[in-house]
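K.L.:
In order, the protein sequence lines correspond to chains A and B.
What the first sequence shows, in the working numbering, is residues 1 to 428, in sequence order.
What the second sequence shows, in the working numbering, is residues 1 to 106, in sequence order.
Think of the hints as simulated: they come from the structure by calculation, not from any bench.
Source: prediction; values computed, not measured.
The beta-carbon is built from N, C-alpha and C at its ideal position, and this holds for glycine as well.
Heads up, a few of these hints could be off.
Looking from chain A toward chain B, a few residues come up when the C-beta cut is under 7 Å (computed) [unchecked claim]:
1. L118
2. D120
3. R124
4. D314
5. A315
6. A320
So these bits of chain A aren't anywhere near chain B, every CB distance computed over 12 Å [as the list claims (entries may be wrong)]:
7. A42
8. D240
9. R318
10. S322
11. R326
12. V396
13. L402
14. K409
15. M414
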Amino acid sequence: MSDPENTAPGSAEAGSVPPEVPVFPLGEVLGGTYEIKSILGAGGMGEVYDALDRVLNRRVAIKVVRASIAPDYLLREGRALAAIHHPGVVTVHAMGEHKGTGFLVLERVRGLSLDRLLQDRKARGERFAVDEALELLVAVADALSVVHRAGLAHRDVKPGNVMMAPGGRVVLMDFGLVLPHADRPGHRSVAGSLQYMAPEALTGDVAEGAATLLDVYALGVLGYELLAGVLPFEGAQPLDLYRAKTRQPGPRLASHRTDLPASLSDVIGQMMAPEPQERPQGAEAALWQLRSVRTRAAAGGSVRPFSVLIVDDDADMREALSLYVRAAAPDAEIETTGDGTQAVRAVRRRVPDLLLLDLDLPDINGVEVCMLLRGMQLGDGCLIVSVSGRATRADVELLQQLGVRSVEKGPGLMNELVDLVHGIRPTR
Amino acid sequence: MAAGRPGVEALLAVARAEFAQRLPAKMAEVEKLLSDAAWDEARRAAHKLRGSAATYGFPALSTAAAAIEDELLAAGGPPQAAVVARVMDLVRGARADAERAAAEGR
């Protein structure tokens with residue numbers, strides 16, 4: 001596709017071939033309102049047109065899909081987009097039908113697809129700078145986190161579905177494969193773009209409620225590609241790719257370039273973990289990790305000592321947690337406090353790299369502390385981990401939405417924290 | 001658990017032993033709070049013990065503390081006499097466990 005504006009509908013199901021005859025001829029007026037001006041793109045599943053909205057006198061993008069595509073495809077996409085209002089997600093204006101063919105009226109996003117940008121860079125033998133790639137990843141993760149918060153999973157995150165619009169706006173497009181993330185994608189239903197698909201999607205074995213982790217995986221592949229200039233896995237067939245994606249150790253981003261912060265390689269590696277439960281648990285969690293990397297990178301990365309704030313009203317737990325942190329990072333700067341208000345003040349004074357937070361605190365509880373910090377954007381550069389004895393499922397889900405990891409008090413706590421600190425600690 | 005970190009292992013062993021020594025006093029505190037009808041403070045004390053005992057490797061005590069906390073939570077206010085009696089039994093059992101742990105210097 002040569003036109004850089006609103007992309008053609010999905011790469012989706014493998015093996016589809018772009019048709020030769022457009023669904024709507026140029027000049028056709030759909031529903032008495034939308035005059036087809038040109039074809040912006042054609043893919044295996046359908047077409048996207050540039051059209052003039054004669055009533056509102058504005059340009060829009062019209063999307064149609066082939067008759068062979070599931071009849072609810074457009075409706076699903078339209079409803080998903082209608083539930084989301086965010087500059088990082090393409091806006092839907094309306095749905096309609098013309099001569100028996102359903103169409104979606106979308107915001108016309110003018111810009112360049114990330115795929116096009118990537119290919120241009122590759123052709124010139126260039127890669128994205130670290131800060132440039134980080135900005136892009138943060139923007140896509142931000143848009144995805146809104147999608148996930150709406151209870152949806154995109155399921156086709158890839159450079160071709162990310163548009164770079166003027167003013168630095170990054171827009172996530174093509175929601176044709178979107179699903180409520182509580183749904184289990186149909187068994188053996190292989191949908192998406194093979195290179196960006198998680199291994200469990202390749203085998204059609206996505207657990208119920210885990211569809212958002214497909215997006216996290218795809219975001220990891222996208223990050224790898226931006227930074228390495230190549231895709232992480234080779235292969236054209238699902239089985240070859242499945243083997244490559246589940247092989248351990250996975251591809252090492254650091255082997256492609258020497259200017260990468262270790263924490264960035266780690267986050268991308270985590271996002272591409274073969275096991276879904278080892279990935280950041282949703283786009284929001286990935287977003288906070290990426291923001292944390294960005295903040296540290298901006299601060300010079302290795303200059304600042306690794307700092308940890310421990311918040312627990314039980315002195316015994318503060319002591320245990322301090323010891324565990326020391327086990328992983330002997331030179332860490334550790335500050336402790338027993339209540340939530342003091343915790344917020346401490347973060348305001350200095351944002352730690354890691355905040356270990358009890359949920360059951362005497363004044364404001366741990367969930368409220370997280371909401372305050374996130375609301376005030378105080379903890380952007382900080383990984384927050386709730387350490388609780390009896391977090392409810394609702395607590396854990398809410399914390400996940402806030403990008404907060406949860407661990408339980410108990411005999412396994414030390415090993416969990418040691419692994420966690422090793423995972424996020426910047427290289428000295 | 002802390003393989004390759006002998007210094008930390010030694011510190012953990014000391015911390016655990018010290019925690020064990022403090023356990024009888026912690027259970028006594030829970031008992032006193034219950035006697036004083038300070039239900040919420042008793043629940044909070046049990047809650048703390050639930051987490052710290054599990055973390056320091058005293059699962060039976062943690063389970064007992066959890067049961068105390070759960071009983072008090074389920075009461076949803078001042079508990080009935082039967083609930084108090086049950087909780088007190090749990091406290092005494094847990095206290096005996098705590099004293100044993102402290103005596104063994106584990």
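K.L.:
For every hint, state whether the structure bears it out.
P.N.:
Hints and how they fare:
1. Interface hint at L118(A): violated, since its Cβ lies 42 Å from the closest Cβ of chain B, which is beyond the 7 Å cut-off.
2. At a threshold of 7 Å, the smallest CB-CB gap from D120(A) to chain B is about 48 Å, leaving the interface hint violated.
3. A hinted interface residue such as R124(A) counts as satisfied when its beta carbon comes closer than 7 Å to some beta carbon of chain B; here the least separation is about 46 Å, so the hint is violated.
4. A least Cβ separation of about 4 Å between D314(A) and chain B falls short of the 7 Å threshold, and the interface hint therefore holds.
5. Look at A315(A): its Cβ only gets to about 9 Å from chain B, farther than 7 Å, so that hint breaks.
6. With its C-beta approaching chain B no nearer than about 5 Å, A320(A) sits inside the 7 Å limit, and its interface hint holds.
7. Residue placement check: A42(A) keeps its beta carbon more than 12 Å from all beta carbons of chain B (closest about 58 Å).
8. At roughly 38 Å from the closest C-beta of chain B, the C-beta of D240(A) stays outside 12 Å, upholding its exclusion from the interface.
9. Residue placement check: R318(A) does not keep its beta carbon more than 12 Å from all beta carbons of chain B (closest about 10 Å).
10. Against the 12 Å criterion, S322(A) falls within the reach of chain B, whose nearest CB is about 9 Å from its own CB.
11. A beta-carbon of chain B comes within 12 Å of the beta-carbon of R326(A); the shortest separation is about 6 Å.
12. The Cβ of V396(A) lies farther than 12 Å from every Cβ of chain B, with a closest approach of about 16 Å, so its non-interface assignment holds.
13. Every CB of chain B lies more than 12 Å from the CB of L402(A), the least distance being 21 Å, so the non-interface label holds.
14. At the 12 Å boundary, the C-beta of K409(A) falls inside the reach of chain B, the nearest C-beta of that chain being 4 Å off.
15. The beta carbon of M414(A) sits about 6 Å from the closest Cβ of chain B, which is not more than 12 Å, so the claim that it is off the interface is violated.
The structure is inconsistent with the numbered hints 1, 2, 3, 5, 9, 10, 11, 14 and 15, although it conforms to all the rest.
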